[in-house]
Amino acid sequence: MGSLDLTGVELVIGGQQILEQMTVQFRAGELTAVGGPSGSGKTSLLSVAGGLLQPTHGETAYAGKPLWQGDGDPRPEVAFILQVYGLVPILSARENISIALRARGLPPAEADERADTELARVHIGDLGDRQVEELSGGQMQRVACARAFAVGAELVLADEPTSELDELNRDHLISLLHSEAARGAIVVVASHDPAVVAAADRHIALDEGELIDDVEPVAAGRRHSGW
Amino acid sequence: MVSFRAVRARSGQSLALFAIGVLAVAGCVVAVGFSRATNVSVGSAAALLLLGIVALAAQGAVSVRARRFEIALAQLRGRHGLGLLRTAVTEPLVILLAAAATGVVLGGVLARVVVSRWAGDGTTFQMSRYEWVTAAVVLLAGALVVATVSWRTTCLPLSAKLDSLHRPRHASAAALLFSLLVLIGAGVSVYQARQLGVRRADWVSFLSPALLGLAAGQIAVWTVALVSRLAMGSTRLNRRLGWFLTLRRLTRRADSVATIRLAVAAVVVAGIAVSAWAGSQTWRDQTARMQTGGPVAFAVAAGGLRAYIASHEADPSGEWLMAISASPDPFGGSRRAVFVDTPRWDRVVGSHFEGTPVASVGSEIDALSPAETVQTAQGDTFSVTLSAESVDRAWPTRKVQRIEGRLTSYGFAPLQFTVRYVTDEGDNYTLQVPDDPGTRPPLVAPGYVGHTAAAPGCARGCAVQSVSVQGVSRNGQSFRVTEMTFAGMALLPAGTSGLSLSETSRALRAVASRGGLDLSVTDAYSSHLLLEWERDVLPAALVAPGVRLERSRGVPQVYGPDGDARPIQVTGQAAALPLLGRVGILLDLGTALRGAGGQISGAQARVVARADTPAQVLDDLRGTGAVGRQTTVEQAVADIQRGPRARGSTLYALIAVFGLLIAAVSLVSSTAEQRRERRSEAASLRVVGVGVGDVAGSHRAEAAVLGTAVIVVAGVAVWIGCRALLDVLPLVVPGEFGLLLDATPRLGLVAGLAFGAGLFVALVVFLSFRFVARSSPPSMLSDEAR
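Chains as they are written, first to last, in our numbering: chain A, 1 to 227; chain V, 1001 to 1786.
Treat the hints with care, since some could be wrong.
[As the list claims (entries may be wrong)] Each pair of labels, with its calculated beta carbon distance range:
| hint | chain 1 | residue 1 | chain 2 | residue 2 | range |
| --- | --- | --- | --- | --- | --- |
| 1 | V | ASP1783 | A | GLN69 | 16 to 22 Å |
| 2 | V | ALA1704 | A | VAL215 | 53 to 59 Å |
| 3 | V | LEU1158 | A | ASP214 | 39 to 45 Å |
No lab work stands behind these hints, which were simulated from the structure alone.
The beta-carbon is built from N, C-alpha and C at its ideal position, and this holds for glycine as well.
Please model the entire structure based on the sequences and the hints provided.
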């Protein structure tokens, strides 16, 4: 798998500088945490990196191909875990996952089966038939995570994936993120959570849209056992 | 408490609430005002009142729920209890109040225009307490729902108020109860309407179109949800994502499907109204044709005999003119009778009644064909001639004696003839010849004596009822009557003119002889029938099996043109009669006039003419002096149109227009209300790889499903409504003909309306969400987070 390259990327929206010009590379097999205070541009960085937004200047590319497709839709290799979860209210927990798989060509029965598997991985296997409105915030967040994991994406972009989780589930989710990285995916997580930052292989920091820190692999003792 | 910025932010819902309020109030004001101005029952506006209240209540609830965040903010700022409730209700109540005021003004203006245009000459509209009360009811009903929903919203936990996700609103107990009440109400109203009939229509009947419509709307909602749920299993085999999404949306999002509830209800009311309007056009045409009795009708004031004589005089061949006479039952019963010149029916009016209930009369006419008809006379004298020799023998000697010193002649009326006949003015007349019975008939010819007297009222035609005689013939001798002529018609020999010798009585003996008629009379003081018509049993065709006949000695009776009871023999049945309608008896005029007296009051007589009658024939008819006012079918239609009898259908048309407008605003508003969530949904789907085409396809499929549901359910409901309700709603006043509105649903109209409504619903849904998929990039979800 290739790397995710942001080259000279700058983002200006409505006259406001959201991201200062920056160049950063995210590598396969790494869990990268993106930190920074609120409004520092973490979400915008993920949106640009995932091809949801076109940078005002610069380029984003994955494995040499541009991520921006012109319509704001991400490439099939990209999976998002959004801060607002991005679940579809008219679908059940299972269906929110299976539709992502169906969209990638999986037969319906197989998609449902894989969805159940992923729900079980995030410890909500018994909530498959629940409607989104019937889930708590933490449960919705886990469904969003399960959806991203289910598609086996090469690029996993997660925005505050642990904000609603308790300590146990947070740690479990971090281990799942590491599993994604371990299978070779590029995993980028924007988070305030110190536990997430501490568990990441790499940490970059933003402040007012500017890349101010890029910490290479953290202490070996904190790495996931899969490494 | 009312922030204009906040109102502007919710301008869509506020505008919808205002618009629906204006339409509901204005529509009710127009409906009530029009009904008062045209003497149609005010209760007829109840259907629109119910639709308006339901629409207003639904939109009011939406408006309150849209203010959850504002209410939560007020709560965070320390407002509680009544203060918080006041925050919740103030804005929607102000909008409702403004809408009601605007609606009253607009409704008043529209009512004035509508009444002046369609309510008949000179009818005006003035606002009354009825309109004010109706507007107040709409306002209060809307306010009550707003207050109730506001109170429930304020009672929600703060977290629920602030929850940005759409939480499924399980139908509240009140909503479920309302749905059940509507269904039950629809069933009861239809049943009760059928039982009570239009003459006793009550509030339940008046509400029935709206109840049926709302019930149909609810059934449509449930059907779509149920069918979608059942069809969800098919998506395990079907890879089409658009269909996958559509079924789930229709099953799980009540507001997606609920958009069609009011649309179906309004279409059902409109369908009944449109069918009523079409039926009323037919009703007017049929009523006019039955009212006139023929394409052109001339009133004849002098009665059926005059009409008969005039039509035969002006049209001897029977190609163009036909006489009709209709007699009421003097006791107000069902023995009303119409007499027609049956030999002329087919040629003169055979095609006039095509398509009307009277059309079937043609099959019964042959059975009524007369064996013999009335013989009419035209002239100005009555003469009777006797043999002088017989008079000499039979004339009694007058006795004279002195009583109390005065000479007095007493006793005998030697011979007097009394002729009873019907004049050319339709009056009964009695002619006595000679005036003084003791006058010996003078010589009129060698060997013959006789009397001649003027017969007034026969110059243009008359008919003899009977001839009587009184007198005394001496010593059993007989007077020999050699000639008796009335107005040019010979009465002897008996039977020549249709009059036959009466049965011999003790006081009168009449024997036909070679020279004439030998009369022997022994009663100086009373007349005895000499010549009379045989009182035939009239062949008659009944109308409707329910006609109740009086019987005399087991023989059914009818009142003839003169009001006298005549025996009849029923030969068949007909669906309806000209001039009478659905209840009455049909007979031949010429037969009924034999021996009949003058026309009774309340009877109508006329001469009807074919539409292509030559002008000369009509001139000849007018020249008889018998006919008066001329009426054509077109004039009759115009008269009915101007009159109050068919205003009910116009009122329902007005109700339908306002109902459809309210439903259209409600539909557009509810779909616009969903746009924000649809955009979020589309973005969420796109971020996981579902293509724009699939998302857009799901919206198209939804539009098609909803449109189809409207077409099917509304079409069926309109059909049921027409069959069940059309002929019991006060749409037309049946009048003397008892003609009811044809309740047969017009397939073309019903299908067209249902299809048009379904297409409109599908179009609104399609256009509302047409660009949602394309204009909702996944990045907007991140914008929400920011």
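For this session: May I ask you to test the hint 39 to 45 Å on the CB atoms belonging to V/LEU1158 and A/ASP214?
Result: 42 Å, holds
Exercise. Could one say that the CB atoms of V/ALA1704 and A/VAL215 fall in the range 53 to 59 Å?
Worked result: 56 Å, holds
For this session: Please test the hint of 16 to 22 Å on the beta carbon pair from V/ASP1783 and A/GLN69.
Result: 19 Å, holds
Violated hints are absent here; each numbered hint is respected by the structure.
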